[in-house]
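Chains as they are written, first to last, in the working numbering: chain C, 4 to 136; chain G, 41 to 332.
Hints listed in this document are in silico derivations from the structure and should not be mistaken for laboratory results. Wrong hints could be hidden among the right ones.
20 Å max Cα-Cα, derived SDA-like pairs, lysine to any residue [unchecked claim]:
no. : chain 1 : residue 1 : chain 2 : residue 2
1   : C       : Lys100    : G       : Thr186
2   : C       : Lys115    : G       : Arg200
3   : C       : Lys136    : C       : Thr90
Quick look at which bits of chain G chain C covers, simulated, 3 or more residues with Cβ under 8 Å [said to hold, decoys possible]:
no. : region
4   : 80-93
5   : 248-259
6   : 266-276
In this text the structure is predicted, and so the values were computed from the model without any measurement. In this text, a Cβ means the ideal position worked out from N, Cα and C, and glycines have one as well.
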Amino acid sequence: MRCVAITPEKTVVDQEVEFIVLPLYDGEFGIGENRAPVVGRLGAGEMRLTLKGGSVERWWVEGGFVEVVDNATTLLANRVVELSSLTVEGAKEELRKALSRPSNTPELSKSKEGAVQRARTRLRYAEKIASAK
Amino acid sequence: MAKARALDKRRRSIANIRKITKTMELVSTAQFRRAMERAVAAGDYAERLARLVADLSNSGLEGASPLLAKRESKKRAILLVLTANRGMCGGYNSGVLRTATARLDELRAEYGEVELDVSGKRGISFLKYRSYEIARGFERFDHKPTYDQVLEIADDYLDRYATGEVDRIDVAYCKFGSLSKQFPVAETLLPFSETRDDSKGVSERSRTEYEFLPSPESVLEEVVPNAFRVNMFKRFLDAAVGEQIARMTAMKAATDNADSMISTLTATYNRARQSQITNEIIEVVSGASALK
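Generate the whole structure from the sequences, applying the supplied hints.
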């Protein structure tokens with residue numbers, strides 16, 4: 004099964020994998036061989052790619068979509084970076100920015116809520132990595 | 041005929057200028073290649089997104105997002121102008137600015153207020169000089185605009201559009217047609233209905249029945265702002281590519297020009313030097329014969 008992750012800047016991942024776990028909008032989503040065609044809305048979180056040998060690659064994914072068709076999984080994400088490259092400082096900065104956004108109308112408060120949630124998830128993962136090191 | 045020494049001095053200074061223009065040509069060639077790769081990557085993303093939108097509309101979903109709806113109110117519009125930070129690129133900046141000012145006048149006639157956002161030092165100083173009021177000026181986009189940088193502006197626009205503060209967002213930039221063809225254009229980014237023609241090129245695929253998670257509406261809710269962000273990012277990249285191409289051509293022309301000037305000056309210099317020597321010989325010979 005092929006897994007391709009594209010951001011507007013470049014193609015980050017393009018390889019053969021055994022199994023994929025993705026963060027969807029409302030929870031994690033696993034994709035195995037011969038999955039029926041699906042289009043999903045991505046959330047923010049960790050993507051785990053189980054490679055042919057059984058080793059696992061971990062990526063940080065943020066916003067966008069995933070499309071599964073004919074044993075090919077394509078991610079169109081706003082951001083895809085290696086999970087280990089997340090830093091606590093960077094995540095805190097992101098959270099601070101998100102929290103300082105205005106929320107005086109329903110639309111703004113909705114987009115702020117999303118940004119804060121994304122930033123919090125990111126911080127959680129960043130802290131997990133930092134403590135594992 | 042001018043003095044040989046003065047001619048030699050001019051020739052040397054032109055040779056120095058030639059070195060500079062040649063170097064700039066090489067630098068912009070390298071930057072162009074990198075900018076082009078990025079533009080292709082963003083184009084790839086945009087194309088896949090367009091296919092997704094086509095699949096969505098195949099599943100019978102129409103205009104659920106507020107960004108797709110037509111706006112009746114015409115209170116405020118934004119015009120974003122993308123120019124270069126530096127000159128030495130021929131008619132690149134002036135072309136974009138001419139299109140931008142024309143579009144600005146049109147928007148002013150139609151909307152109550154028009155906000156002018158400008159990227160690039162050249163555009164900022166030109167519009168300031170012409171006493172246009174600039175709401176925001178960006179100088180941080182150079183030959184390599186990153187998605188995160190563009191995202192900041194794009195999200196701000198999206199928020200302001202969603203709250204109804206802004207009713208239309210236009211962008212004036214240099215569109216990339218092919219290597220030998222770039223042209224300044226003004227396009228509408230939002231509302232989307234006016235930019236629909238872009239997706240006409242999407243070929244009909246065999247219909248696949250997709251399952252949508254969590255629901256088609258939710259996916260659409262995310263697709264539309266993403267399409268806007270990518271569209272905007274692509275425009276920044278196009279502008280960067282166009283700038284490098286314009287600079288490459290301008291600097292190539294300047295180098296060629298310097299070459300031909302050097303060869304003319306060399307010919308004149310040799311002639312001047314020769315006539316100077318002839319003169320001196322005549323003086324010596326006539327002096328000698330006068331002494332006889």
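Going through the hints against the structure:
1. Restraint check for Lys100 of chain C and Thr186 of chain G: the C-alpha separation of about 18 Å stays at or below 20 Å, so the hint holds.
2. At roughly 13 Å between alpha-carbon atoms, Lys115 of chain C and Arg200 of chain G fall within 20 Å of each other, so this suggested pair holds.
3. A C-alpha spacing of about 12 Å is found between Lys136 of chain C and Thr90 of chain C, which places the hinted pair at or below 20 Å, so the restraint holds.
4. Here the region 80-93 of chain G counts 8 residues with a CB under 8 Å from a CB of chain C, which clears the bar of 3, and the coverage holds.
5. Beta-carbon proximity to chain C at under 8 Å applies to 9 residues in the region 248-259 of chain G; the threshold of 3 is reached and the given coverage holds.
6. For the region 266-276 of chain G, the assignment as covered by chain C holds, since 5 residues bring a beta-carbon within under 8 Å of that chain's beta-carbons and 3 suffice.
The structure shown violates none of the earlier numbered hints.
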